[in-house]
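**Student:** Spelled out, the chains give:
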Amino acid sequence: MTENTGSNKIDSFHKKKNKEEMQKQLISFALMIVFTILAFVVVATGMMDKMLVIPILLILAIVQVAFQFYYFMHMKHEGHEMASAMIYGGIWAAILAVAGLSTIVWW
Amino acid sequence: MSHDHSLNPETMPHEPEKATLEGKNKFIGFWFFLGGETVLFASLFGTYLALHNSTAGGPAGNELFGLELVFVMTILLLTSSLTSVYAIYHMKNNDFGKMTLWFIITIILGFGFVGCELYEFHHYITEYGFTFRSSAFGSAFYALLGFHGGHVTFGLFWMITLLIRNARRGLNLYNAPKFYIWSLYWHFIDVVWVFIFTVVYLMGKVG
Chain U
1 MTENTGSNKI
11 DSFHKKKNKE
21 EMQKQLISFA
31 LMIVFTILAF
41 VVVATGMMDK
51 MLVIPILLIL
61 AIVQVAFQFY
71 YFMHMKHEGH
81 EMASAMIYGG
91 IWAAILAVAG
101 LSTIVWW
Chain D
1 MSHDHSLNPE
11 TMPHEPEKAT
21 LEGKNKFIGF
31 WFFLGGETVL
41 FASLFGTYLA
51 LHNSTAGGPA
61 GNELFGLELV
71 FVMTILLLTS
81 SLTSVYAIYH
91 MKNNDFGKMT
101 LWFIITIILG
111 FGFVGCELYE
121 FHHYITEYGF
131 TFRSSAFGSA
141 FYALLGFHGG
151 HVTFGLFWMI
161 TLLIRNARRG
171 LNLYNAPKFY
181 IWSLYWHFID
191 VVWVFIFTVV
201 YLMGKVG
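Here the protein sequences line up with chains U and D, keeping their order.
Using my numbering, count along the first sequence one by one with no gaps and you end on 107.
Using my numbering, count along the second sequence one by one with no gaps and you end on 207.
Each hint should be verified, as a subset may be incorrect.
Here are the simulated distance ranges between beta carbons [stated by the list, open to error]:
hint, chain 1, residue 1, chain 2, residue 2, range
1, U, H77, D, G57, 51 to 59 angstroms
2, U, H77, D, T126, 44 to 52 angstroms
3, D, G170, U, L58, 38 to 46 angstroms
The calculated lysine-lysine pairs, modelled on DSS-like cross-linking and capped at a C-alpha distance of 27 angstroms, are [claimed, not checked]:
hint, chain 1, residue 1, chain 2, residue 2
4, D, K178, U, K24
5, U, K76, D, K98
6, U, K15, D, K24
7, D, K18, U, K15
8, U, K19, D, K18
9, D, K18, U, K17
10, D, K205, D, K98
11, U, K76, U, K16
12, D, K26, D, K98
13, U, K17, U, K76
14, D, K24, U, K19
Hint data in this document are derived by calculation from the structure and do not stem from the laboratory.
The beta-carbon is built from N, C-alpha and C at its ideal position, and this holds for glycine as well.
Please construct the entire structure, taking both the sequences and the accompanying hints into account.
**Tutor:** Pasting the structure below:
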């Protein structure tokens with residue numbers, strides 16, 4: 001393998017692994033761009049009813065954030081059990097905080 | 001120059017950011033911090049959602065927001081997230097030069113984002129007289145956006161400091177966790193921005 005004779009002696013197995021990882025990250029980036037454009041187009045053209053648009057926007061955002069966490073921040077890799085526990089704990093408290101604060105205006 | 005923890009390229013481990021106990025601790029500690037940051041931003045989002053209709057006769061969100069600028073800011077921050085992925089890719093291949101280059105590109109994109117945000121705030125203040133004190137909506141808006149923008153600005157100077165401090169050191173097991181942790185922080189900032197452009201701008205435009 002020519003890769004192994006370069007100035008950086010990383011073994012070719014890990015180099016290949018890193019490359020595969022990078023390709024997955026590039027695909028997730030492309031998808032994130034698509035989701036972003038989709039979200040803006042839906043709002044800018046006003047093509048859908050308000051009741052339909054808001055859930056769609058939220059779903060697009062959640063999918064994008066999942067890509068960010070699992071691919072860009074490597075949460076899909078092993079050894080991220082504690083990291084997942086922290087973030088899901090944070091998300092749980094976040095949902096309570098948003099639910100609590102935003103429902104105050106209803107009473 | 002001698003480094004306590006430096007290893008030559010032949011023995012660089014697969015995951016340099018977690019090869020030392022200090023690196024492992026930083027990794028766990030930083031995810032703990034990000035869990036806390038999630039709650040911090042959630043409280044600001046909750047406040048915004050509760051108060052975004054309380055405009056006190058001042059301008060409302062759908063009169064103020066321009067989607068073009070928000071779209072440019074989103075693309076800038078999302079692309080900077082990808083370029084920091086590239087930087088970490090080169091870190092894992094033990095290529096310090098390329099890692100530095102991609103982090104510099106990331107910083108440039110980040111400054112582009114902060115520049116757009118400052119322009120946006122300036123525009124709201126001078127054209128609409130919309131400030132932190134205009135209404136409850138104004139306070140909630142600037143508190144949420146300001147906290148995020150402050151995080152971006154802090155991240156930019158954090159990385160500049162890291163790059164300057166480690167410019168002559170090269171990559172080793174002492175500083176690899178520092179760069180890795182910064183990339184986690186940067187991705188998290190993008191995560192928050194995804195919810196800001198969705199909840200504040202797009203949902204604000206819809207009504």
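**Student:** All hints are to be evaluated individually against the structure, with a verdict given for each.
**Tutor:** Against the structure, the hints:
1. In this structure the supplied range 51 to 59 angstroms holds for H77 of chain U paired with G57 of chain D, their Cβ-Cβ distance being about 52 angstroms.
2. For H77 of chain U and T126 of chain D, the hinted distance range of 44 to 52 angstroms is satisfied, since their beta carbons lie about 48 angstroms from each other.
3. Roughly 45 angstroms separates the CB atoms of G170 of chain D and L58 of chain U, a value that falls within the hinted 38 to 46 angstroms.
4. For the given pair, K178 of chain D sits about 24 angstroms from K24 of chain U by alpha-carbon distance, which is consistent with the 27 angstroms threshold.
5. Taking the CA atoms of K76 of chain U and K98 of chain D, the gap is near 25 angstroms; set against the 27 angstroms cutoff, the hint holds.
6. A C-alpha spacing of about 22 angstroms is found between K15 of chain U and K24 of chain D, which places the hinted pair at or below 27 angstroms, so the restraint holds.
7. For the hint pairing K18 of chain D with K15 of chain U, the CA-to-CA distance comes to about 18 angstroms; that is within 27 angstroms, so the pair holds.
8. At roughly 20 angstroms between alpha-carbon atoms, K19 of chain U and K18 of chain D fall within 27 angstroms of each other, so this suggested pair holds.
9. Of the supplied pair hints, the one linking K18 of chain D and K17 of chain U holds, its CA atoms being roughly 17 angstroms apart against a limit of 27 angstroms.
10. Only pairs whose Cα atoms come within 27 angstroms are accepted, and K205 of chain D paired with K98 of chain D is rejected, the gap being roughly 41 angstroms.
11. The suggested pairing of K76 of chain U with K16 of chain U holds, with an alpha-carbon distance near 18 angstroms, which does not exceed 27 angstroms.
12. The straight-line distance between the Cα atoms of K26 of chain D and K98 of chain D is roughly 24 angstroms, inside the 27 angstroms bound, and the hint therefore holds.
13. A C-alpha spacing of about 14 angstroms is found between K17 of chain U and K76 of chain U, which places the hinted pair at or below 27 angstroms, so the restraint holds.
14. Distance check on the hinted pair: K24 of chain D and K19 of chain U sit about 24 angstroms apart at the alpha-carbon level, within 27 angstroms; holds.
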